[in-house]
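This is what each chain is made of:
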Amino acid sequence: MDQTEDGQGLYRPEFEHDSCGTGFITNINGHKTNQIIDDALTMLENMEHRGACGCDPDSGDGAGILIQLPHEFLLEECSNLEISLPEPGEYGVGMIFFPKESALKKACRVIIGNAIEKLGLHKLGYRKLSVNSSTIGETARKAEPDVEQLFVQRPHHITNTDDFERKLYILRRYINKTVTESIPAAAEHFYFTSFSCKTIIYKGQVTTYQLRQYFPDLVDERMASGFAMIHSRFSTNTFPSWKLAQPFRLIAHNGEINTLTGNLNWFYSGLKSYASAYFTNEEMEMLLPVIDNNQSDSACLDNIIEILLHTGRSLPHVMMMLIPEAWDGNEQMDPIKKAFYEYHATLMEPWDGPAAITFTDGKFVGALLDRNGLRPLRFVITTDGRVIAASEAGVLKLDEKLVLRKGRLQPGKMLLVDTEKGKIITDDEIKHQVASRQPYGRWLENYKIRLSELAEPRLAFASLSEDSVFRYQQVFGYTREDIDTIIKPMALDGKEPVGSMGTDVPLAILSDKPQHLSSYFKQFFAQVTNPPIDPIRERLVMSLATFIGNNGNLLDEDKMHCHCVVLQHPILKNHQLEKLRSIDTGMFHAKTLQTYYNADGMPGSLEKGIARLCRYAEDSVDDGFEVLILSDRAIDSEHAPIPSLLAVSAVHHHLIKSGRRGAVGLVVETGDTWEVHHFACLLAFGATAINPYLALSTIETLKNNGSLETSLDLKSLQKNYVKSVNDGLLKIFSKMGISTLQSYHGSQVFEILGLNKSVVDKYFAGAVTRIGGLGLDEIARESLCKHKIGFGGSKSGTHLLPEGGIYQWKRRGESHLFNPTTVHLLQHATRTNNYDIYKNYAKEINEQTEKHFTIRGLLDFAHHREAISIDEVEPAENIMKRFATGAMSFGSISHEAHSTMAIAMNRIGGKSNTGEGGEDEIRYEPMPNGDSMRSAIKQVASARFGVTSNYLTNADELQIKMAQGAKPGEGGQLPGHKVDDWIAKTRHSTPGVGLISPPPHHDIYSIEDLAQLIFDLKNANRAARINVKLVSKAGVGTIAAGVAKAHADVILIAGYDGGTGASPISSVKHAGLPWELGLSEAHQTLVRNKLRSRVVLQTDGQLKTGRDLAIACLMGAEEWGVATAALVAGGCIMMRKCHLNTCPVGVATQDPELRKLFSGKPEHVVNLFRFMAEELREIMAELGFRTVNEMVGRVQFLKVKDNLTSWKAKQIDLSGILHPVNNPKDVTLYNSEKQDHGMDAILDWKLLEAAKVALEDKTPVFASFDVRNVDRTIGTLLSNEISKKYGSAGLPDNTVNYKFNGSAGQSFGAFATKGISFELEGEANDYVGKGLSGAQLAIYPAESATFTPEENIIIGNVALYGATAGEVFIRGMAGERFAVRNSGATTVVEGIGDHGCEYMTGGRALILGETGRNFAAGMSGGIAWVYNPNNTFSENCNMEMVDLDPLSIQDEEQITTLLHKHIHLTGSKVAQELLANWKKASTQFVKVYPKEYKKVLEKLQYQTIG
Amino acid sequence: MGKATGFQEFNRELPEKVPAAERVKNYNEFVHLYTDEKLNQQSARCMNCGVPFCHSGCPLGNIIPEFNDAVYRKNWEEAYNILSSTNNFPEFTGRICPAPCESACVLGINKPAVAIEEIEKHIIEIAFSKNLVKPVAPLIKTGKRVSVVGSGPAGLAAAAQLSKAGHLVTVYERDDRPGGLLQYGIPDFKLEKWVVQRRVELMEKDGVVFKCNIEVGKDIAADDLVRNSDAVVLAGGSTIPRNLPIPGRDLKGIFFAMDFLKQQNKRVSGVPFYGEDILATDKDVIVIGGGDTGSDCVGTSNRQGAKSIKQFEVMMQPPEQRTTHMPWPTYPMILKTTSSHEEGVERFWGVNTEEFLGDEDGNLRALKVVDVTWELDVMNRPIKFQKVEGSEREIPCQRVFLAMGFLFPQHTGMIESMGVALDERKNVKAKEGNYRTNVSKVFAAGDMRRGQSLVVWAISEGREAARKVDEFLMGHSVLESKDAVNPFEQVF
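Protein sequences, first through last, are from chains X and H. According to our numbering, the first sequence holds residues 306 to 1811 in order. According to our numbering, the second sequence holds residues 69 to 560 in order.
Check each hint, because a few of them may be wrong.
Coverage of chain H stretches by chain X, computed from C-beta distances (three or more under 8 angstroms per stretch; other residues unrestricted) [said to hold, decoys possible]:
no., stretch
1, 149-161
2, 268-280
3, 513-524
4, 545-551
Here are a few chain X residues that sit away from chain H, every Cβ distance over 12 angstroms (derived from the structure) [stated by the list, open to error]:
no., residue
5, Asp344
6, Glu382
7, Glu395
8, Met865
9, Arg938
10, Ser1016
11, Glu1087
12, Lys1091
13, Arg1116
14, Pro1296
15, Gly1489
16, Asp1750
Some chain H residues near chain X, calculated using beta-carbon distances under 8 angstroms [stated by the list, open to error]:
no., residue
17, Ala72
18, Phe78
19, Met115
20, Ile131
21, Arg141
22, Glu146
23, Asn296
24, Ser297
25, Gln389
26, Thr391
27, Pro395
28, Pro397
29, Tyr399
30, Pro555
31, Phe556
Honestly, the hints are just simulated from the structure, not real lab data. What you are looking at is a predicted structure, and each value in this text was computed from that prediction instead of being measured. Positions of the beta carbon are idealized from the N, C-alpha and C atoms, including for glycine.
Extracted from the complex, chain X is given alone in its bound form (with noise of 0.2 angstroms):
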């Protein structure tokens, strides 16, 4: 393909992503109509919102419907062909997009022809389909294929069509293969959609409305199934993807599997053990690789589930082994079901992320969720017989009359229906069925060894010496910092330490340091297509369970599979690695293989020892070994140890390549492994459990010389070490959005930076390098470089280490941009307005000659223009208009430091940013002088702190933060002892109590979710840009994209050196990217897929000097964040202890007293900003460019420095960075047209119309409208209107009046501001009141509608998330996460899912019925009344931050109160019920009462009373 997969630049095609819609229809008993096929396609079309369409906007993304082969229509329309189709079952259907070119098509068809044949089947012939290509985009058109379907009868000898569908399925692959190898330029466009004797498969990159028009099938009245499986596909790109297009074969998936690399590695591990009874040795070769390369995780997943299927596991039972429910440390999950599980576990990990899948084997037809519920599947059941599901409510439009049940899938569970049988079968039901197949429980008896109950190890075993451990310490790089600054606070407190202000020190290819092998490794991290997970709060999902041994056979079901050994964590101590090694169960066992080579400094010595290790470790796999120790302790002055992470990933790899690697597990036993980063490599490249043992030694040395203040004794210590590793791991995955130990093992979800292509294609196979970097041999000089030290022989005798200086600038430690000089520089020169003085420090910062600390720093200019006269530049004051300060909340800095960086950028014309606190509306004002300390842009992070309709009215620009440098992928927290009362207010919530951000955004599970909270700001206030925030990393520049085709405004794309506040340190070092990488990336990718020009991108990430503007700009940027360097202007001083409160100068603390001592004004970081804009010009000058849009993007003007002279730097490859691609002549590589964002045609133009007097002078109105689940965000933008022109008060209670009718959209009431009185006769979909503002919502269930309310879904996911204000009512159940982050809203509901109020500080809940799992997980304030007749409710709530307490007299009043409400606004039985007996009720109810929440509320009223 022409501007596809040629992976020039940055861009790779692995990176892309997909999301969207999915659903299915069905008649329970199977029968077969055409109104099925009809209503299917309805749904599809009324998720168009949830699809994509491109740069052209008449070329979607894809989209498809699965259903049964229509006999009768297909028996017609073959007859005309004179083909004589026979009986139903007895023929297959081979739907095929061939490449249009006649000669390849014929090939294809000669291959199609041989393999029939040699399969012994028989070919009854071709149908092509007529198709509309008109009807589709440009871009689609380009790429379309020719549609065919293939008749391919059934042999006598077949008997059933399971093994004749095993048959097709073979024949497929087997053509396929033979396709792709024999005729490559065919093989981009031959695609099977499906072939079977039971489905088959429509779809193309079309959009949903497209599909009908397209193909004419489909609207044929002769068409009929008995069901129909639906997609709508929202892709991160614009290129032409027929194939990718859904469903497939098996499923249609919404969602993304983040552990993909891992889990085909693992698939392929096997490979050589993969036998089947099911399938002959040739057949099985003619399958391989089972897995196709180069298409989308979803397809994978489809591959994997066939195979699975082909050798005898049922649907629902593959489902289960792949998407497992949360079982690990579930005690209230049925033992029989726990055995399978975790039976299950030992043969295969999950396939991990969000998903909603819907399925189908032809009879079974049903939907799953992953464990974390993380995409919406509401279904609704009918009294006539059908079963429909889809991403929302509302789609296809039913009588309510006819609604048996409305429900909502549940996170891990299935929803099943048997067609054949003609029911539904529960969850329960199925998964008892599948997981009592087998005795699984007494086969983990029998088999699973677990370590404490093996014998004591044969050898004592013996610690390291004193001397030893400061020896190993040295040939290991440890540093006194590391010890000081990351092992003591593990060993004492049992935390990962944080840190502050980002990191300023040279890449790890770049530092003159030796480094440690894993700094070159950064973590990816999950950011819009999949949302990071809360390892905390949330951590009944994850597992750190991990299991040691051969996996077996994965297409056979055997009880040896579960004969291994199981631990409970992966860290080992001595003792029990001891016992693991000389463990001897007769048909299980270890070998050592030590990791050393030989250190003599010879080119080559490494590659060596690393051959012979893997040689070692294939040779013990082969003698029947089943745990390899792969050691460094056997190290001496003549062998140098192989870096850990390079050991275990070599042999992982190696074993892996012969199909050698599920037969045995391996454990590292490493002294170079300290920090949790360290620990994560390890994992994510295949160790399968870690002995720390020189971090232990470490440990044990300093309790021993008293360098620990504690009176802890070495076992706690070592114990709290383990356990810090544990928690820093589960932080990592959760970053990625992976939940267990077991998916991320061997995920490989890093991208190196600064490793070379062979050295990672050789020993890190799959990963991402792009930079290049290291080979083998500098690798190797690295860790000479430490060896030789601990060996040199150390003159002074003295034990002192080196020191460091990573997270602290030290003078003998690694260098830093901010330091004392740079730091003085600065200041001085913007306190004094002096050029001349800022000139040398940029000199400073800019000149990296001998020192080399970034990507840009690499770079220099190159003269393709005439230099041109300072003059002829624009004006600085216009290059000023480009800046913005970083996102600092009030709260993370003080007023002062806040303010004057707002001051300062009003005054320029740029723009300062609130960070994600909120912002006080005395700031709104313009102050006496004339300046302002209003925000320009206006945060909205995770936990929409004081997000009002009025907050957002009052911006220029709203700022979506998906990730954050310092810490992608998590959330932060206010300690309790930052909020005073000032900051409670402006973020809503209670002074003294703590305040915890969610690492994800609750409404942002994906890419379409976020284009709903775009359309929900623009409807808050459509005059301010919406900015996008994303962090750098590989694959940004495709998820860019999506954002550019979700309608952002502006993208930032922020690298991940910066930010303050308190984050892991290990975050801040070693997750994200520089900005440069992402920038490229991003600034290619947009170019490629025609989307530059509709998007401003924006970058930041210690941009200090104009030389750095300008570098940013020619990659890309035409907008500059800045913030440390605008803080050190400020004032700061770089103490990186913003999280202490204890800021020296008054920038990073909320202390009063220290606060006071803030120095700055904003004309100090005026003259920052104005003298980094005449930097910049003089650069343009020289360059020849007048404007900066004349110099976005334009790379040519970069090229490498030609006189590098670190060995280092002189390895790295920066090609891909300077790639230019061509802008197509339509589009300019600045932003330059408007984002259409669709707010023509939406509801509430009319709603406004209708509001006209009550916004006027506040006369109450009166209307109602009929609502469709497309009409979204109902009342945001009325919201929006009320805000302008009443602020944060609003409307008087009630003056707006409003009753929808109708299934209401996504985000209905979001926003909605005081005064507003919204009435929903119907349902609502996901985000009903989010955000609320003070608004009152009541909704209820269609009078018409006969079930019961509050045992049906009523409205969606996500409700009232963020909601600051207002009440909500709500006959019926809610779904999962309902009321997290309310900070001041009042709800009633009569049933909710799991993690209802979670993270909640404010207003009221009362739940009136049944709650999910992990009620009130991290809720600090506010309270939550639970209804609990039977006392179950303590089982489902998270007690670790509040009590469950009996109800107060004034609790009894305000529920009794609203009660009486809930029945008038929504007349709700429930409601009747409690209040009538209301002596009995009010014993039954719990009140969930947040700890902090109840001391600081105790401790008000003392004071009051006294």
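Given the structure of chain X, go ahead and fit chain H onto it with the hints provided.
Then chain H, alone, in the frame of chain X:
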């Protein structure tokens, strides 16, 4: 970091001093030690800054936050190990350093700086008392011979480091005791001589050989020394004092400060000296020069029982606070009141001495002085002065001590005979960073190379030069450097 909020809870406090009236009665040190609690509080004030400017401000690169933390945790061994990794002689700098680290202390932005120097002194004294300071006889001897000329702080530091690296080190000192200015320049009341002796003895135990009463270039031939050594370090100091060649300079009663101070040190130590007594007893004394040596003359004069003491400085009185031209964290030229000033002196600024006036016996009787004003450049630096018309006057006195600094090292003798080149300031020419002179095998460090400077700079130069000597001898060095070194270059 000791205590996150320590700097908010505790103020800077210095240890108590013996009252001025008492301490001038003898030559003993008069600064007490902190109580345990005070020491703990003072160390708790350190904020362990993300960018510890102190650590950058210290010429030795003392790793101040780390040792403050160890002191806070009362881990004396750790504190000593960290301190001694950058400073061979904390007992000297802990007593007499002007503490540029404290000027750079971040706390100093808006509060009094951490009492770093006192903490340093406490660490080393506690280490001595706990017997943590032990000879560091190297494990491996290289067999290389290194000669160090001069036993002042630079020479001592170079010798200590080179000995640690395993070389055979001989130190040549022309005076009767090792120590240079530490021994015979700085008065006992600021640095008692047993402190110097204690260190010298320790170094002798390390294997350093001291040869006193030998002046290289006079008592032994410079060429021989070079020939018989694998390397030579010249650390003879900057010894030629700045003179005031105005009329009357030959009058009796006018002395160079160093002659005065040295004699008194010998007197206190009971070491015989030659030549006339130089005493301030019962005299009206004028000290010309407002620096530290001038202060020492003031303190010594007071102890000898001078009738009156005046101190003249030609520059204008400096401001009491930092100005925009000397912002934090630079070392500011602000008014400094030393302990000797506390003991009694009249200080004058902007006064130029035009003539010494004598009586008929050729004895000094008065100074003819004039007030001056200074013309400043844009950075507030003085360019030249002008006399204030009509301000000429006579000030009676019988003793003048010239404390106007030092020009350069003595050229006659060793320097000339060795043939080492001089720089434009007539110091021994050797680049900072490699310390090598033009003569093969010969290195130079301290004031002899740098020109007159601080003790802390001398120690720093001695250490850095030693590292270069070690590299020269061995190809690489494992000795510490104050700045980052590229380990790859060191190892491969």
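Proposed interface contact between Tyr399 of chain H and chain X, which counts if any beta carbon pair is under 8 angstroms: 12 angstroms, violated
Per-residue hint verdict: Met115 of chain H, partner chain X, C-beta under 8 angstroms: 6 angstroms, holds
Nearest-CB test (12 angstroms) between chain H and Pro1296 of chain X: 20 angstroms, holds
Per-residue hint verdict: Pro395 of chain H, partner chain X, C-beta under 8 angstroms: With a closest approach of 6 angstroms, the Pro395 of chain H hint holds.
Status of the hint placing Phe556 of chain H at chain X (closest C-beta pair under 8 angstroms): Where the cut-off is 8 angstroms and the nearest Cβ of chain X is about 6 angstroms from Phe556 of chain H, the hint holds.
Asp1750 of chain X non-interfacial with respect to chain H [C-beta, more than 12 angstroms]: 35 angstroms, holds
Coverage criterion applied to the stretch 545-551 of chain H (partner chain X; beta-carbon cut 8 angstroms; 3 residues): holds (count 6)
Status of the Glu146 of chain H interface restraint (C-beta, 8 angstroms, chain X): Holds, because the Cβ-Cβ distance from Glu146 of chain H to chain X comes to roughly 6 angstroms (cut-off 8 angstroms).
Per-residue hint verdict: Thr391 of chain H, partner chain X, C-beta under 8 angstroms: Hint on Thr391 of chain H: violated, closest Cβ of chain X at ~11 angstroms, above 8 angstroms.
Status of Glu382 of chain X, Cβ more than 12 angstroms from any chain H Cβ: Per Cβ check, Glu382 of chain X is outside 12 angstroms of chain H; nearest 74 angstroms; holds.
Coverage claim, chain X over the stretch 149-161 of chain H, checked by counting residues with Cβ within 8 angstroms (three needed): That given contact holds, which follows from 4 residues of the stretch 149-161 of chain H lying within Cβ reach (below 8 angstroms) of chain X.
Satisfaction of the Ala72 of chain H interface hint, Cβ to chain X closer than 8 angstroms: Holds, because the Cβ-Cβ distance from Ala72 of chain H to chain X comes to roughly 5 angstroms (cut-off 8 angstroms).
Comparing the model with each earlier hint shows violations of hints 2, 3, 11, 12, 13, 18, 23, 24, 25, 26, 29; every other hint is respected.
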